[in-house]
Structures are given as structure tokens and as C-alpha cells.
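Student: Please construct the entire structure, taking both the sequences and the accompanying hints into account.
Number of protein chains: 2
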Amino acid sequence: MKKEDLQPLKGFRDELPAERIPKQAMLGTIARVFESYGFAPLDSPALERASVLVGKYGEEGDRLLYRFRDHGDRDVALRYDLTVPLARVIGSHPELTMPFKRYQIGKVWRAERPARGRFREFMQCDVDILGAGSLLADCECLQVICSVLEALGVGAFRVEVNNRKLLNALLAHFAISGRDRVHASLRILDKLGKIPAEDVRDLLVSEVRWTPENAAGFMDCVTGGLGEAKARLPADDPGLAELEQLLELAELAGIRERVHVNLSIARGLDYYTGTIYETFLTELPGFGSVMSGGRYDDLLKHIAGRDLPAIGVSLGISRLFAGLHELGLVAPAASPARVMVASYGAETARETLACAKALRDAGLPTDSFPGDAKLGKQFKHAHRLGVDVVCIIGPEEAEQGLVRVKVLSSGDQRDVPAAGIADEVNRALEKSGATGIESG
Amino acid sequence: MKKEDLQPLKGFRDELPAERIPKQAMLGTIARVFESYGFAPLDSPALERASVLVGKYGEEGDRLLYRFRDHGDRDVALRYDLTVPLARVIGSHPELTMPFKRYQIGKVWRAERPARGRFREFMQCDVDILGAGSLLADCECLQVICSVLEALGVGAFRVEVNNRKLLNALLAHFAISGRDRVHASLRILDKLGKIPAEDVRDLLVSEVRWTPENAAGFMDCVTGGLGEAKARLPADDPGLAELEQLLELAELAGIRERVHVNLSIARGLDYYTGTIYETFLTELPGFGSVMSGGRYDDLLKHIAGRDLPAIGVSLGISRLFAGLHELGLVAPAASPARVMVASYGAETARETLACAKALRDAGLPTDSFPGDAKLGKQFKHAHRLGVDVVCIIGPEEAEQGLVRVKVLSSGDQRDVPAAGIADEVNRALEKSGATGIESG
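Top to bottom, those sequences are chains A and B. The opening residue of the first sequence carries number 1 in the numbering used here; numbering runs sequentially from there. The opening residue of the second sequence carries number 1 in the numbering used here; numbering runs sequentially from there.
It should be emphasised that the hints constitute simulated quantities derived from the structure, not laboratory data. Fair warning: this is a prediction, and the values are worked out from it, not measured in the lab. Built from N, CA and C at the ideal position, the CB exists for glycine as well.
Away from chain B, derived, C-beta distances all over 12 Å, residues of chain A: (1) R179; (2) N214; (3) T282; (4) E399; (5) E424; (6) N426.
When the alpha-carbon atoms are kept at most 25 Å apart in a straight line, the in silico SDA-like pairs for lysine to any residue are as follows: (7) A:K23 x B:D361; (8) A:K377 x B:K301; (9) B:K10 x A:I105; (10) A:K191 x A:Y57; (11) A:K56 x A:D75; (12) B:K357 x A:L247; (13) A:K107 x B:F68; (14) B:K2 x A:G72; (15) A:K357 x B:E242.
Tutor: Set out below in C-alpha cells:
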């Protein structure tokens, strides 16, 4: 085949072990946190009826669908996210017990113009709580965000919360109503952070026909604190009440110091109905939100025909992984192995195979060199894999029941009894400082 | 949406938690075994250039590709397996160090006619060793098969091995040569087990123009033992030598009793060049092979332009999972949670949230009921999730620093100090016999 035909398609990527190993470790941590909250895993097909997806992501989304006719001339498309397919699953499985807490980690496809950090195939990672309208569910989503980021060790972070009902009340206060003008205004507000506040204000005027005074007042209000909103809304405003109750729950759950009100958080999608949130890593200012979501109480009625309140969190896996990278928390490794057993030929094959088995049985991922190369070449191979400890059994060692344990980085080596090999390798690993997946 | 539009596409499936939870546990076990041998994970796109895939799976395979034109009018297709994409990855990444050991778990798509147990989207799970021509690699593949099935606890199994070079020598002995006649004969031999031996013999005669005598002799030979082949081939036949050396290595590796020569194992695909194997669960006769593969030393040259020997194992995940089911080794669970903390309302929200946190911090997956339903309804919900232990904190308990721990199945309940709640819940779980994911 021609060399250019061996490249992945534009916007698609091969994930080699050096990247895949730490990413899988990250995904494993995330899944463990989700399960610690009782979220259950679910899987759904990559391919859906186009009718399920079309019209759910706006015109731009419709255009980005990988859509084609299958062998039965059905109009089908690769999924664009995990939320709309979830709504379909709920619709087709009335037996599912509510409240239903699920997580899903899977790829989605969008025919975007490829750019730095933007791909046509990427992974999404969602948790959702369906069938629970209580603010306890909102609070649990904030807890999950905190627990994930704490488990990943990203340092300080801020969960910024807002409420769509409150935003709607503020919009009404500034004389903006009607679904179209509200959504258009929120989509423009969502650009804040990417473009300056004055530009957001000007867009409200030029694109949604705000008066300049109202646009300025609204921007002052949403970029101010909760006090600004309270000053303008009646004390019994339902959005305000929800937001304040959520802060109380966050206090009771012990995460209040992580949670910050930010009335300018808008979330672009139209379907949010209450609490919304985004999350920012303090050590990576300007990096964008790594976990976001909110309450979408009407979407399931629309798609699944079931009137179920819903709230969820979506993780930007690629962005979060890139963030871990920038924070120096990703150590690439070319192999999961922590130790390699060299091959010395037929004469000591039995002892060599037994040594590898003993190490694996002791829980040490162990590579056996599958060939008969010279030892120097085998050591070089181990080094390239990031493996620093190599076991060698030549005829002399075999005869005496010994294994030679060599630390490549220091050149240290000693002959030790085969019976205690796992302990010896663990000791050598400690000395070498190389700890497999965690090593450089 | 109409109810029928909420169903997944024909041949596709939603995997609900009751199935997904044990399947993920199985996949986790399998991945751990792969990594214990030093196989590194790799991921590649679902979508490939059609030119990469077309012509690699025979005419039937070409027809079954989900193939379409993308937004840039490129001819693309969903991957049909993980082996051909691996060869492409190797071709586009000359920096990869050989020998290269990788595993990959991912979905593939084939527009097959759906049937019981046959889907259009299904998961494949492959390990491959590239760049190692040594029989040590062949032996390691057999070891991996044994370790996976031992880790899954499937009971007795047989790894049946053969060698394509030896089969070719036997075919030559029975006057069959030429690529087309050889492959056609092997594809017919591959049907043995699905159709009677006489039918295989007759097909050889009718479809590949064998003489009836040779067809009968060949069938006697391949359904006999190694002795039958030895009687017909020169002592220095290379396929025979490889097979016997592999058995010796299996002996040295301590897995000889698992490995059985079966000269009628053919493997349908054309690209195998040496050792081939299939694996059968003793307790499920007639169930078909659950792990198979072999050596394919020429495929990478063809696709990637690199002359690399290669050998691999492919797991039939769906079949293996179905096998575990039949053996009673799959316990469905609707939730990963082992314990639920009931919701008692605002008055004790702080204590309730703290209790859930303490349980999670102690490593117990814990569901918090996200609402304000009556306790009876909450107990019913926990029961449906397969959760047998529920913690309740009412105002009295809260005041005294206690938690009520209730075992639903027995009705037992006791009030215990909040400080030691995780130990108490563990004790209750032991008594109830319900152990979360492992429970019914």
C-alpha cells in the first residue's frame, strides 16, 4: 500500500501504547469513582437510525453527522454524543428502574474541521441521573466532579455553577423573552471567556436586538456576584432558591469551598432547564472547562416519550488528559511490563519460562523476550520499553537454581535464588526507582 | 418518536447494566492477564480508508463492510476486524520497537444477516506479537490462552493446535497443491465439527476435485493423531518439527496437559502460515472455539510493507461471555453499588451525605437515594438494584450520632455509631451474603 494510505483518516488518530497506557489508567480511575457513587455502566451502538439523531444538535450538528444508507437502505448515522442515544435507550427499555444512574464511556463522531485538539472521532464520558428531580441529584453531580478530579490529583479546581431558571428570570428582567431570543442570548453569553465581555455585549445588541443599556446592565449583573442577581429579582425567584439550596447542600456534602457561583455560565445547548456547571483547573487558567453539564428535565419527554427529570455531567476526556499532561501527571510508558525475562536459548528455556511465571503469579507484569537475540540487544529492547529490571538465566545460573537480576540504569546485578525471585525483583525495582506504568 | 424507532438498529444491541457490569468485569480480568504478559494496549479508529480494508477478507467480507463516502467524498468503511487495522498502524509507525506486543479491545462492524448470537456490531479482543518468528512467541500465545481461561475460572479446557506448514505437506502428500486448491481445501476442512466428516470429505471431492481415495485418506489422517501424519511425512518435515518443538515448549511452560494436537484444525482465513490453534471448554461440548488464532508471517509485508513475522490470539468475547453464562459464572447486577444510603429529608441531609462519603472513602460503592420518596419505596428501589444493605439516618439517629443499618433480605436492623459505619456495613454484607457485583 502507498505510504499516505497507511495514515489514519484526517481527524482520526492511532493511539499508541505510550499514550494509551496512561489514558487507560485515567479512564479506570474515572470509572471507579463513578461506580463508587453507584453509577452503572451502559453501552449502546455506535450506529443509530438517523431519525434518532437528526434535529437534536442544531443545524450545524446535523451537518456534522456521519450519515449514510446501510445495506438495507436505512438512513443511519454514527452517534454524535452519548446523551441522545441514552434518551433512546430509556425510551426502548421501560423496564429500567427509576431513579436510573448510569455512566458511559465511548467514542462519538463529528465531521468537524480538524484543528489542534479537535478530532472527528473522540471519546465521551458521561454520568447521568434520570428520574430524580431533587436537588440531591444536582449536588451528587457536583460531588462526582470533585471526587473525579481529586482522584486524578489535578490540584486545585473550581466548579462554577449557575441556574437556567435564574438566567431566564434575569433575561426577563432585562426585557428578553421568547424561546428564540432567550436561546440566542444564552449562546452568545456562552462565548464569554473565549471573547471579551464587551464583544459579548455588542453581539447581544447586534444579533438579538438588545438595547445597549439592557445589554450593559445584564453583563454587569452576570459578571457580578449572586448579590447582583438578588438585587434585581424577587426574593422568591425559583431559580435563585434552587441555586441557594444547592449551595447549602454542597456545604453539607463538604464540597462548598470547591463550588463558586458564576452567573455568566450559560452552557450553549438549548435543552438545559435548571442547574448548570462547568469546571476549571486552577493551575491551568484559560484551559477551558474539563467537566460540565446540567439539568435537562424536558429532553427525555421529547425523545423517549417519558416525562423524566434528568441531570448529568460530561467529561472532556481529551482535554482532561491534555490537562494532566500539562500538569506533568502523565508518565508515558511503552509497555505495562515492570520486568523482562531475557531469553537465553533452549538450554535454559524451562527455568526462564518458570521465572516469568513466578513473577506474573506474584502480580508483576512481566515481558518474556520472544526470540533468541543477543543479550545486549535484549537489554536495549527492555530499555526502550521503559523496563529497567531484567532477569537472566544462563546455564550456570540454571544449574545452581539462581537467577541473575540486572538493573539496567545502574548496571547493578546479583544472582539470587530462583525461589524468591519476585521479592528480589521488587527490591530491585524499588532501588531503580522505575515502577512500570508510573515510570518515565 | 415512534416506538419502533426507539429500538436499536437490527443486529445492534443496547447493553444494559445487568449485562454490562459482569461483561466489564470479564474484560477487566482479560486485560489484566494480557498486561501481566507485557502486552500493551493500543487503539485505532473505527473508520478506515476503504482501500485499507477491501480485499483482505475475501469477497464475502468486502460485501459485509459498512462502506460509504464521507464529507470529503473519501471512500471509507467501519473496521471489520482489528488485525488489518493493526497492520496499517504498524505501517504508519516505523518508530515502534520490535518485537511489539499489543492488545486491543474494541468494536468491529459487519453487515451480516443477524442470527441468534450473531450481531452486526460486536467486540473483538486480540493479542498479537509482531516481529518475533521464534516458537517462544507461539508458546506465549498458548500460555496467554491458558492464563485467561484460568483467571476466568471456566474449568477444564483444551487448546487444540495444528500447523499450516504440516497441513500443506499433508495436502501435497495427497496430491493437492497450488494456492487456490490448498485454501479451498482448508476452508472446507474448517467446517469439520459443524458438519459431519463424511460431508467434509464429499465437499473436497465435489468442490476441489479430490479423488475419493485421497479425500478419504486425508480425512483419516487429519482425524487421527500425530502418528498418522508422521507415518506419511519425512522425519524432517518443517511443519512437523515446529509442532513437536511447540509441544516441548508447552511442556517446559507447564501447560502441556492443556495442549492437544488436532490435525483437523484448519482456521478458515487464508493468511495463516504456521502454528494455528482453537480452544474449547470441556464443560460446553459443541459450543465452538472461544479463543483462536495463529501465525501469519506474510500479512504485514502485504499491507504495511514491513517483513515482520506475526502471531496472535483472538477472543470471541460474546461467545466467551455466553459460555460463562451457561456455566453459571455470570451474576447479573443492576448496580455496582453494594450499599444504599436512604434519603430522610433536609433535617438529616448532612449526616446522610457524610455517611455515604465515609462508605465510599472506605472503598464501598455506595448509592445515595437522590430524592425524598417514602422509605418503603426506597427499600424497594435498593432491592431492585440488587443492594441488600441500606443505611438510614432519621432525626433520632442523627442526634445520637447513630446510623440504622438494615439488611433487606432478613429484615435485621441495628443502630450503630456513625464513626464505624464502614466496618458495620461490611459485617452486614457478609451476613446477608450479598456482595455487590458478585450477588444475584
